[in-house]
Amino acid sequence: MEIIDRALEFEQRRHTFKTTSERIESSREVKDLILSLNTVYKKDKDPEIMDLMKRLTVIKQKIEKRLKGRP
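Take the sequence shown: its letter number 64 is residue 64 in our numbering, and every next letter is one higher.
Calculated directly from the structure, the hints in this document are not laboratory data. Being a predicted model, the structure only gives us computed values, none of them experimental. Any given hint might turn out to be false.
[Said to hold, decoys possible] No farther apart than 25 angstroms at their CA atoms in a straight line, the calculated lysine-lysine pairs in the BS3-like style are these: (1) 18 x 65; (2) 42 x 60; (3) 31 x 62; (4) 31 x 18; (5) 45 x 31; (6) 62 x 18; (7) 18 x 60; (8) 43 x 60; (9) 65 x 31; (10) 45 x 18; (11) 31 x 60; (12) 43 x 54.
[What the hints assert, rightly or not] Cβ pair distances, simulated, as ranges: (13) 25 x 51: 23 to 31 angstroms; (14) 62 x 1: 35 to 43 angstroms; (15) 70 x 18: 17 to 25 angstroms; (16) 66 x 45: 30 to 38 angstroms; (17) 69 x 43: 33 to 41 angstroms; (18) 43 x 65: 27 to 35 angstroms.
Quick reminder that beta carbons are idealized off the backbone N, C-alpha and C, glycines included.
Generate the whole structure from the sequences, applying the supplied hints.
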């Protein structure tokens with residue numbers, strides 16, 4: 001599956017973003033991957049896909065936390 005391969009590649013990539021635009025692009029990309037995996041998961045009910053979605057969600061939360069900054 002191409003979506004799962006892209007998600008695994010994103011997970012292995014380094015997440016050091018120098019600019020805000022890079023963070024925004026990564027946040028959008030990981031959101032798209034999670035939603036795509038969710039549609040696949042609805043059909044297959046594979047627990048490995050759910051685990052992958054959870055790991056990507058943690059990465060997305062870290063990126064968004066960094067985007068919002070400190071109060």
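Proposed proximity, residue 60 with residue 43 (alpha carbon, max 25 angstroms): holds (24 angstroms)
Residue 18 paired with residue 60 [C-alpha distance capped at 25 angstroms]: Holds: residue 18 and residue 60 sit about 16 angstroms apart, inside 25 angstroms.
Agreement of residue 43 and residue 54 with the hint, judged by alpha carbon distance not exceeding 25 angstroms: holds (18 angstroms)
Beta-carbon spacing of residue 43 to residue 65 - inside the hinted bounds 27 to 35 angstroms or not: About 32 angstroms separates the Cβ atoms of residue 43 and residue 65, which means 27 to 35 angstroms holds.
Hinted pair residue 65 and residue 31, Cα distance within 25 angstroms: Roughly 14 angstroms between the alpha carbons, so the hint for residue 65 and residue 31 holds.
Residue 45 paired with residue 31 [C-alpha distance capped at 25 angstroms]: Given that 25 angstroms is the threshold and the Cα spacing comes to 20 angstroms, the pair holds.
Straight-line alpha-carbon gap residue 42 to residue 60, limit 25 angstroms: This hinted pair holds, its Cα atoms lying about 21 angstroms apart.
Outcome for the supplied range 23 to 31 angstroms, where the beta carbon pair is residue 25 and residue 51: holds (25 angstroms)
25 angstroms Cα cutoff - pair residue 18, residue 65: Between residue 18 and residue 65 the Cα gap is close to 15 angstroms, so the pair holds against 25 angstroms.
Hint consistency between residue 62 and residue 18 [alpha-carbon to alpha-carbon, up to 25 angstroms]: holds (15 angstroms)
Distance restraint hint 17 to 25 angstroms, applied to the beta-carbon atoms of residue 70 and residue 18: holds (19 angstroms)
Range hint 33 to 41 angstroms (beta carbons of residue 69 and residue 43) holds or violated: holds (38 angstroms)
Taken one by one, the earlier hints fail for this structure at numbers 10, 14, listed in ascending order.
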